[in-house]
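Student: Take a look at the letters that make up each chain.
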Amino acid sequence: AQSVSQHNHHVILSEAASLELGCNYSYGGTVNLFWYVQYPGQHLQLLLKYFSGDPLVKGIKGFEAEFIKSKFSFNLRKPSVQWSDTAEYFCAVNTRGNTPLVFGKGTRLSVIA
Amino acid sequence: DAGVIQSPRHEVTEMGQEVTLRCKPISGHNSLFWYRQTMMRGLELLIYFNNNVPIDDSGMPEDRFSAKMPNASFSTLKIQPSEPRDSAVYFCASRDRALYEQYFGPGTRLTVT
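Heads up: the sequence lines are chains C and D, in that order.
Here this note's numbering is used: the first residue of the first sequence is 1, the next is one more, and so on.
Here this note's numbering is used: the first residue of the second sequence is 114, the next is one more, and so on.
Isolated chain D (complex conformation):
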């Protein structure tokens, strides 16, 4: 298995632009998680899905952030409009229903100037 796939790996954009991050979970995994990692706040859970349904989005910072999972093999995290404080590494992770550990993707390093 290729593992969790994220794209792009790096994104540099200007303040006010829309940013879309993509994630393909491991085939067969039924839970998907979006995390944000910064030096100040560490790893924060933004939102997670079970069976493509959003379960808890209380970690989403504000209305500028939205996430979708249209099917079991694809999810997006969108920021519109982006701000410099959104600069961080965004990780996607997936999990099989029979297991408890989460498998992480390589992350997307977002820089908003």
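Next comes chain C alone, as it looks inside the complex:
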């Protein structure tokens, strides 16, 4: 069965600091990878996704993620965070076909002034 690990439970950063959130998955086959964001009190929204091709994918709001197949990783990055990036971030994976997304436990990001 697939599983997703997000090693950071809570990250606190100052505004303008760089961000990297770790995500590792366990599945040996072809996967689709996603990052979702959940702002306080809101539903999950898609931040970016990787299906194939260039392993460096760019998403909304200046976020990007890099797929490293050899490390089974899909880390999320942003060069300079803003207070408005305060949210919970979820990494998710599924395999080809109609399988549901499997989510990591999430990483809470708090950006302070």
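These are calculated hints, taken from the structure and not from any lab test.
Please note that the accuracy of each hint is not assured.
FRET-style restraints, in silico, Cβ to Cβ [said to hold, decoys possible]:
| # | chain 1 | residue 1 | chain 2 | residue 2 | range |
| --- | --- | --- | --- | --- | --- |
| 1 | D | GLN193 | C | LEU56 | 44 to 50 angstroms |
| 2 | C | TYR39 | D | PRO121 | 18 to 24 angstroms |
| 3 | D | ARG177 | C | PRO55 | 43 to 49 angstroms |
| 4 | D | THR226 | C | PRO40 | 22 to 28 angstroms |
| 5 | C | SER52 | D | SER140 | 23 to 29 angstroms |
| 6 | C | ASP54 | D | THR226 | 49 to 55 angstroms |
Below are the EDC-like pairs computed for lysine to aspartate or glutamate, each with C-alpha atoms no more than 16 angstroms apart in a straight line [unchecked claim]:
| # | chain 1 | residue 1 | chain 2 | residue 2 |
| --- | --- | --- | --- | --- |
| 7 | C | LYS105 | D | GLU157 |
| 8 | C | LYS61 | C | GLU20 |
| 9 | D | LYS191 | D | ASP176 |
| 10 | C | LYS49 | D | GLU214 |
| 11 | D | LYS191 | D | GLU131 |
| 12 | D | LYS191 | D | GLU175 |
Some chain D residues close to chain C (C-beta under 8 angstroms, calculated; not the full set) [said to hold, decoys possible]:
| # | residue |
| --- | --- |
| 13 | GLY155 |
| 14 | LEU156 |
| 15 | TYR161 |
| 16 | GLU175 |
| 17 | PHE178 |
| 18 | PHE204 |
| 19 | TYR213 |
| 20 | GLY218 |
| 21 | PRO219 |
Glycine included, C-beta positions come from ideal geometry on N, C-alpha and C.
Chain D: place on chain C using the hints.
Tutor: Positioned in the frame of chain C, the structure of chain D alone reads:
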């Protein structure tokens, strides 16, 4: 499109009462997913449907939980009888057959006292 619609947004009920959560997926989407989100367990998949047919309900906690999808535009998740440990945010998500990302509704925050 209005997105995935869930009702009610908030539900407070007493232990032992029946609770029914409702979901309207995005028009044209053929897969529907019910998730539960708690602080302790994160996002858990409860059940999902493809073309209105339940495919995997192994995530449903126990017999008190049931889900139906009578047609392509409506699904319900029922808890009978409800217990305090069922308190959580319940999300519905839908997906188009040609895509892999899931679109989430705003969630129903359930509190069982």
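Student: For the pair supplied as a hint, D:LYS191 and D:GLU175, is the alpha-carbon distance within the 16 angstroms limit?
Tutor: holds, 12 angstroms
Student: Any CB of chain C closer than 8 angstroms to the CB of D:TYR161?
Tutor: Result: holds, 5 angstroms to nearest chain C Cβ.
Student: Starting from the hint 22 to 28 angstroms, judge whether the C-beta atoms of D:THR226 and C:PRO40 obey it.
Tutor: 24 angstroms Cβ-Cβ, so the 22 to 28 angstroms window holds.
Student: Is C:LYS105 within 16 angstroms of D:GLU157, Cα to Cα?
Tutor: holds, 9 angstroms
Student: Are the Cα atoms of D:LYS191 and D:ASP176 separated by 16 angstroms or less?
Tutor: Holds, because 10 angstroms separates the two Cα atoms, which is no more than 16 angstroms.
Student: Go ahead and decide if the range 18 to 24 angstroms is satisfied by the Cβ distance of C:TYR39 to D:PRO121.
Tutor: Because 21 angstroms falls inside the window, the suggested range holds.
Student: Given a cut of 8 angstroms on the nearest C-beta pair, is the interface hint for D:LEU156 held or broken against chain C?
Tutor: holds, 4 angstroms
Student: Against chain C, with CB atoms and a cut of 8 angstroms, does the hint on D:GLU175 hold up?
Tutor: At about 20 angstroms, which exceeds the 8 angstroms cut-off, the nearest Cβ of chain C leaves the hint on D:GLU175 violated.
Student: Holds or violated: D:LYS191 with D:GLU131, Cα cutoff 16 angstroms?
Tutor: The given pair, whose Cα atoms are some 7 angstroms apart, holds under the 16 angstroms limit.
Student: Interface hint check: D:PRO219, Cβ to nearest Cβ on chain C, cutoff 8 angstroms. Holds or violated?
Tutor: The hint holds - D:PRO219 has a Cβ within 8 angstroms of chain C, the shortest such distance being about 5 angstroms.
Student: With the threshold set at 16 angstroms, check whether the alpha-carbon distance from C:LYS61 to C:GLU20 stays at or below it.
Tutor: With a Cα-Cα distance of about 15 angstroms, the restraint between C:LYS61 and C:GLU20 holds, given a limit of 16 angstroms.
Student: Tell me if the interface restraint on D:PHE204 is satisfied: Cβ within less than 8 angstroms of some Cβ in chain C.
Tutor: D:PHE204 check passes; min Cβ-Cβ to chain C is 7 angstroms, inside 8 angstroms.
The structure shown violates the earlier hints numbered 16, 17.
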